[in-house]
Amino acid sequence: MIFTIAAKELRSMFASPLAWVVLAFMQFVLAFIFLKQIDGFLEVQAQLARTPNAPGLTEIAVVPMFGVASMLLLMSVPLLTMRLVSEERRNQTMALLMSAPISMTQIIIGKFVAMFAFLALINLLIVGMALSLLAGGTLDLGLLIANLTGLILLGSSFAAIGLFISCLTTHPVVAAILSLAIFLALWIINAASRDPQSSLHLISLLKRFEGFLNGTVAVTDLIFFALLTATFLILSIRRLDSERLHA
Amino acid sequence: MGERAGRRDRTIAALHGKFFNRAASLGIFGSHHKRPLRSRQVPRRRHHSKVADKGREGPLEQRSGFPEENETSMSDTASPEVTLAAVGLSRRYGNNLAVDDVSMELKRGEIVGLLGPNGAGKTTAMKMITGNLAPSAGSVNVCGIDLIDKPTAAKAKIGYLPEIPPLYKELRVDEYLRLAGRLHRLPKSALAEAVQRAKHRAGLSDMGQRLIGSLSKGYQQRVGIAQAIIHDPDVVILDEPTVGLDPNQIREIRSLIRELGDQHSVILSTHILPEVEAICDRVQILHRGKVVFADAIAGLRAFRGGHSLEVSLRRPPQLEQLAQAVQPAQVEQVSDGVFRVIAAQGQDPTDQLLRASLERDWGLYQLSPAQASVEEVFVHLTRQDEADASVAGNPSSETAA
Chain B
1 MIFTIAAKEL RSMFASPLAW VVLAFMQFVL AFIFLKQIDG FLEVQAQLAR TPNAPGLTEI
61 AVVPMFGVAS MLLLMSVPLL TMRLVSEERR NQTMALLMSA PISMTQIIIG KFVAMFAFLA
121 LINLLIVGMA LSLLAGGTLD LGLLIANLTG LILLGSSFAA IGLFISCLTT HPVVAAILSL
181 AIFLALWIIN AASRDPQSSL HLISLLKRFE GFLNGTVAVT DLIFFALLTA TFLILSIRRL
241 DSERLHA
Chain C
248 MGERAGRRDR TIAALHGKFF NRAASLGIFG SHHKRPLRSR QVPRRRHHSK VADKGREGPL
308 EQRSGFPEEN ETSMSDTASP EVTLAAVGLS RRYGNNLAVD DVSMELKRGE IVGLLGPNGA
368 GKTTAMKMIT GNLAPSAGSV NVCGIDLIDK PTAAKAKIGY LPEIPPLYKE LRVDEYLRLA
428 GRLHRLPKSA LAEAVQRAKH RAGLSDMGQR LIGSLSKGYQ QRVGIAQAII HDPDVVILDE
488 PTVGLDPNQI REIRSLIREL GDQHSVILST HILPEVEAIC DRVQILHRGK VVFADAIAGL
548 RAFRGGHSLE VSLRRPPQLE QLAQAVQPAQ VEQVSDGVFR VIAAQGQDPT DQLLRASLER
608 DWGLYQLSPA QASVEEVFVH LTRQDEADAS VAGNPSSETA A
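Residue numbers (this note's numbering), protein chains in the order written: chain B, 1 to 247; chain C, 248 to 648.
Please keep in mind that the hints were generated in silico from the structure rather than gathered at the bench.
Note that this is a predicted model, so its numbers are computed, not measured.
We treat Cβ as the ideally placed atom computed from N, Cα and C, and that holds for glycine.
A few of these clues could be false.
[What the hints assert, rightly or not] So, partial list: chain B residues that the calculated Cβ filter (under 10 Å) puts toward chain C:
{"hint": "1", "residue": "M1"}
{"hint": "2", "residue": "I5"}
{"hint": "3", "residue": "S16"}
{"hint": "4", "residue": "L23"}
{"hint": "5", "residue": "E88"}
{"hint": "6", "residue": "T93"}
{"hint": "7", "residue": "A95"}
{"hint": "8", "residue": "L96"}
{"hint": "9", "residue": "M98"}
{"hint": "10", "residue": "S99"}
{"hint": "11", "residue": "A100"}
{"hint": "12", "residue": "S103"}
{"hint": "13", "residue": "I237"}
{"hint": "14", "residue": "R239"}
{"hint": "15", "residue": "D241"}
{"hint": "16", "residue": "R244"}
[Claimed, not checked] Every beta carbon over 10 Å from chain B, so not counted as near; a handful from chain C, in silico:
{"hint": "17", "residue": "D421"}
{"hint": "18", "residue": "S502"}
{"hint": "19", "residue": "P575"}
{"hint": "20", "residue": "V585"}
{"hint": "21", "residue": "V624"}
[Unchecked claim] Quick list of simulated restraints, FRET-style, between CB atoms:
{"hint": "22", "chain 1": "C", "residue 1": "Y340", "chain 2": "B", "residue 2": "L124", "range": "45 to 53 Å"}
{"hint": "23", "chain 1": "B", "residue 1": "A226", "chain 2": "C", "residue 2": "D396", "range": "45 to 53 Å"}
{"hint": "24", "chain 1": "C", "residue 1": "N342", "chain 2": "B", "residue 2": "F25", "range": "45 to 53 Å"}
{"hint": "25", "chain 1": "B", "residue 1": "D241", "chain 2": "C", "residue 2": "S436", "range": "31 to 39 Å"}
{"hint": "26", "chain 1": "C", "residue 1": "P364", "chain 2": "B", "residue 2": "Q92", "range": "18 to 26 Å"}
{"hint": "27", "chain 1": "B", "residue 1": "S16", "chain 2": "C", "residue 2": "D493", "range": "30 to 38 Å"}
{"hint": "28", "chain 1": "B", "residue 1": "A7", "chain 2": "C", "residue 2": "R339", "range": "37 to 45 Å"}
{"hint": "29", "chain 1": "B", "residue 1": "S16", "chain 2": "C", "residue 2": "Y340", "range": "32 to 40 Å"}
{"hint": "30", "chain 1": "B", "residue 1": "I177", "chain 2": "C", "residue 2": "Y340", "range": "23 to 31 Å"}
The shape of chain C in the complex, shown without the other chains (with noise of 0.2 Å):
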């Protein structure tokens, strides 16, 4: 445990080291940032014109934090073994595309969150890597093998939590952990231990003789996360695990969570960014079925933080006036003497903001990265979604934009 335990914070060093480095080199704000966090976006997006892909390569390969991501990994822990590789997956529903072209991998002791508003598809997806689902096009692998072609095989190394737990109301939770598990082909012997263990470290450990459906919510849903664990997968699914709960019950899930990534891989859906913030390695964000962001939860802070500035000021100007000494940043009134200032491209209006206070004695004092709420993120991804897409044709625009 304590050299797992290790294993993890160096692994947390290293992501740290590298947004500090990559914060320095980039400065904090404005489009530096923001073009290799692009990059980093799943290269295969199938509405870019070939064009604008070939634009793209350069930065990719010199930017692209994965490759550098693995080195470190590499050196820090044994192997890094890839435990889910799902590739280019889509479905369709009549003509309504749900999920359009996902891709994801992930190595084990990996925590990646895949966040997004409702009816983004993230449910979908999950139904079509646990094998709920056929997908329409692209194709799942666990551990090695394909869940296509080996279904129970494949299907052996994962343990799936969808959005409602799937309990039998009127078995006992030992009963039904033990039906789980056969379920999932553990032979008997190991049967009553593994019982134990799961009920152990979801907390249920004197809940065994209870029945399940006269337990609290926050009970049955760890009745729903043993279940998922009990035969010991590589991969762990778990769709919206916290909805519903109090905040004690989020809490504990959440460090049972967290206690899960250090030894198997973990998937886990929402659309609560703060959650994906305390709990997941990675994250991936879902629009309309399509992964337009996906990159260490570092890269996430900054994009969150990076593009706007909160000011609070005692003797607040007017607003042109703020608005001319932070050019060509916009500037938004959020309440009485406070201002979000919104960084131009390339600028980082900090500077400029802190001379123009002391010379003009606005008496600034309080600063701070304006963090994007979720629906801020979605709104400005997707926005620069359509952008893109309108400059496709013509690679160099990217500055101009």
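With the rest of the complex left out, here is chain B (with noise of 0.2 Å):
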């Protein structure tokens, strides 16, 4: 059931010029960077040849390719996951879904199911572009997992809460604006403390996605992006309840 409603998503999705065009613009944008990290690698690869511990191709390649795809993520996952719940109220479709014999819970995990296939479309280009460097060089493989995990990760606390966001208008743009300041408050939390010990660096989202980028995958990390997901998909799914309920 919950692959029924994903699939449904999916296909609403690219039944709208807005997936193709996000895909094309993320391709575009990840491409350009790419390119021109592999050239600047060309350029200082008979230097780096002679120094102890210098980066490898992974680290000025691909690492750089993964960091401007989390801010792309940022903005563009608002975009994918404002209609989800928003427009289905506007259309009046919503009824559809609630007098089938199906859970909430189910709408909820189907709808989240859709946007992490979609996110996952996107991680898939980007490691195709990374491992097809395996072509004429090697790659740390351990940094590109790690890279990828975290931008996984990312990807699902954004698709989580921006589906909560989704739950609590009926104006699919509002929910757009309202989670792309949610997402970039909690981006940059960190930086409104000075202090290195401040507990504003265990909630931003920058703070914790670095260490994914300079290759450790810590288990708190995990845990935190895990926790975040699910505690806005449970938000979500009681926010629908009480509609039923209250509204």
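Take the two lone chains, each set in its own frame, and fit them into one complex as the hints suggest.
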């Protein structure tokens, strides 16, 4: 049942030009960054070979691409999640799901799975670009996997928060702007404090994500992102349920 | 199919028989017919004092049509299984009571019309029955399954077309119906056939590849209906299914609904009275969230036609003369030579009118029971409601009132 809803969601997503535009835009920007970084690597390759402990191909070409990808997700996920629930409400199609023999949990998880699958497609394109380097060189696969894990977790958190915001309103645009504001706030919240011990660093998505970019997969970071995702999914389910009870 | 049609005819015949018997025993006019009708109103009514309810108990047992109806349909059909039972449904929005203690029972093969002016609580009641909205009080039971205890099992037996059909405009008709089938847990193997059947019944056979967004409103409505019947539910709930359609489409949708009524139980909401008369077996009228009238359709007809007559006279007398002739009925002039005679309680002014017309040569050429419009029915019902409330303390005052 979850997959029925996810499939429907993906179908609707790809029926509108938005999904294609987002995919094309991301691919264009990321490929551009990727090529520029490879260019730079080729220029300094001779010097790098002489310095001990120099950064390798992965650090120079792949990691910046993941860094940019995280920023692009921050901007594009609100556009993708905005219509998940709010548009159903706007078009009165929620009644179809509500009167079908499925639970609120299935509805929300189904929609989340659809978003996750869409983000997986983006991740696949990024990893494809990185792996293409294997044709002419070697990669630090461990670092690549750490980066990928970080991006998947970050994307899931964005998707869950965006989904919850979409549950709050009937206007997709309002949902998009609100999601973007929240993502940005969570991203740079660590800048609000100069004290490196401040607890704000703990909830800053940027700080958490940086660890993955450097190649360290910390269990605390894994748990943080998993909890963030789960929390907002549960909040979304509660929100839909309360609508039935109180609206 | 033939057997079903036969069964239906018998049921209708039984209903007619009942109506005529009742009409004969009660006289066609006056309060006699009103009392039993009133006694058929859903007995659970909060604002009545206990005394008043006790006063009603006698007539209710003797005259209530429901047990009698059970017997006739029992002998006619195999077993009139109850598919939907809603008891004491209430819904509060803040301080506003949108639906107040509404009860409803539906048997297989029955079409019930939910009638009421805009804002009477029809949609809210339907949302509660379909599990789209949690009731503040009361319970819904679908084929023996409690909607609140086991929502998914109960919802699988309901098909619902909301006021605005829940259509994904970017999908094709086939894709959408397949989705609706999957959501209602149809197994994959049965899906293609179910889609074909639903399309056929809703008259969409050639529309499978069309985008829903590009269909006309009438066809979109049909897709909505197809969606509601795709899983062959026991109860089909249609919220204003004919709104915004042209007369041809309305006729087609109505015949589709009647067809649905052969196998499913159907609840239909509307604010158009003739629609209910044309399609439904029974009717419940909602007003400000309360059920103010519940009876078979024949009862509604009698109620509508019963309390006034329209008289056309070639040589009309003065209004006072006419009023005198039919005392204690009241007379209104509708247009030149056309009058409406509103019968007093317990009176049948037909004879008086005919006699007076002959004696005084008024040239009566038309005499018909005036069909009250839906507004008049509402006004009448609600006025009576208020009157009831004011005399509730005195059960014997029913005839006096």
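Going down the list of hints, with the structure as the test:
{"no.": "1", "hint": "M1", "verdict": "holds, 7 Å"}
{"no.": "2", "hint": "I5", "verdict": "holds, 8 Å"}
{"no.": "3", "hint": "S16", "verdict": "holds, 7 Å"}
{"no.": "4", "hint": "L23", "verdict": "violated, 18 Å"}
{"no.": "5", "hint": "E88", "verdict": "holds, 8 Å"}
{"no.": "6", "hint": "T93", "verdict": "holds, 4 Å"}
{"no.": "7", "hint": "A95", "verdict": "holds, 4 Å"}
{"no.": "8", "hint": "L96", "verdict": "holds, 4 Å"}
{"no.": "9", "hint": "M98", "verdict": "holds, 5 Å"}
{"no.": "10", "hint": "S99", "verdict": "holds, 4 Å"}
{"no.": "11", "hint": "A100", "verdict": "holds, 4 Å"}
{"no.": "12", "hint": "S103", "verdict": "holds, 7 Å"}
{"no.": "13", "hint": "I237", "verdict": "violated, 14 Å"}
{"no.": "14", "hint": "R239", "verdict": "violated, 14 Å"}
{"no.": "15", "hint": "D241", "verdict": "holds, 9 Å"}
{"no.": "16", "hint": "R244", "verdict": "holds, 5 Å"}
{"no.": "17", "hint": "D421", "verdict": "holds, 12 Å"}
{"no.": "18", "hint": "S502", "verdict": "holds, 25 Å"}
{"no.": "19", "hint": "P575", "verdict": "holds, 52 Å"}
{"no.": "20", "hint": "V585", "verdict": "holds, 46 Å"}
{"no.": "21", "hint": "V624", "verdict": "holds, 30 Å"}
{"no.": "22", "hint": "Y340(C) <-> L124(B): 45 to 53 Å", "verdict": "holds, 48 Å"}
{"no.": "23", "hint": "A226(B) <-> D396(C): 45 to 53 Å", "verdict": "violated, 33 Å"}
{"no.": "24", "hint": "N342(C) <-> F25(B): 45 to 53 Å", "verdict": "holds, 50 Å"}
{"no.": "25", "hint": "D241(B) <-> S436(C): 31 to 39 Å", "verdict": "holds, 33 Å"}
{"no.": "26", "hint": "P364(C) <-> Q92(B): 18 to 26 Å", "verdict": "holds, 22 Å"}
{"no.": "27", "hint": "S16(B) <-> D493(C): 30 to 38 Å", "verdict": "holds, 31 Å"}
{"no.": "28", "hint": "A7(B) <-> R339(C): 37 to 45 Å", "verdict": "holds, 38 Å"}
{"no.": "29", "hint": "S16(B) <-> Y340(C): 32 to 40 Å", "verdict": "holds, 35 Å"}
{"no.": "30", "hint": "I177(B) <-> Y340(C): 23 to 31 Å", "verdict": "holds, 29 Å"}
Checked against the numbered hints given earlier, this structure breaks hints 4, 13, 14, 23; the rest are met.
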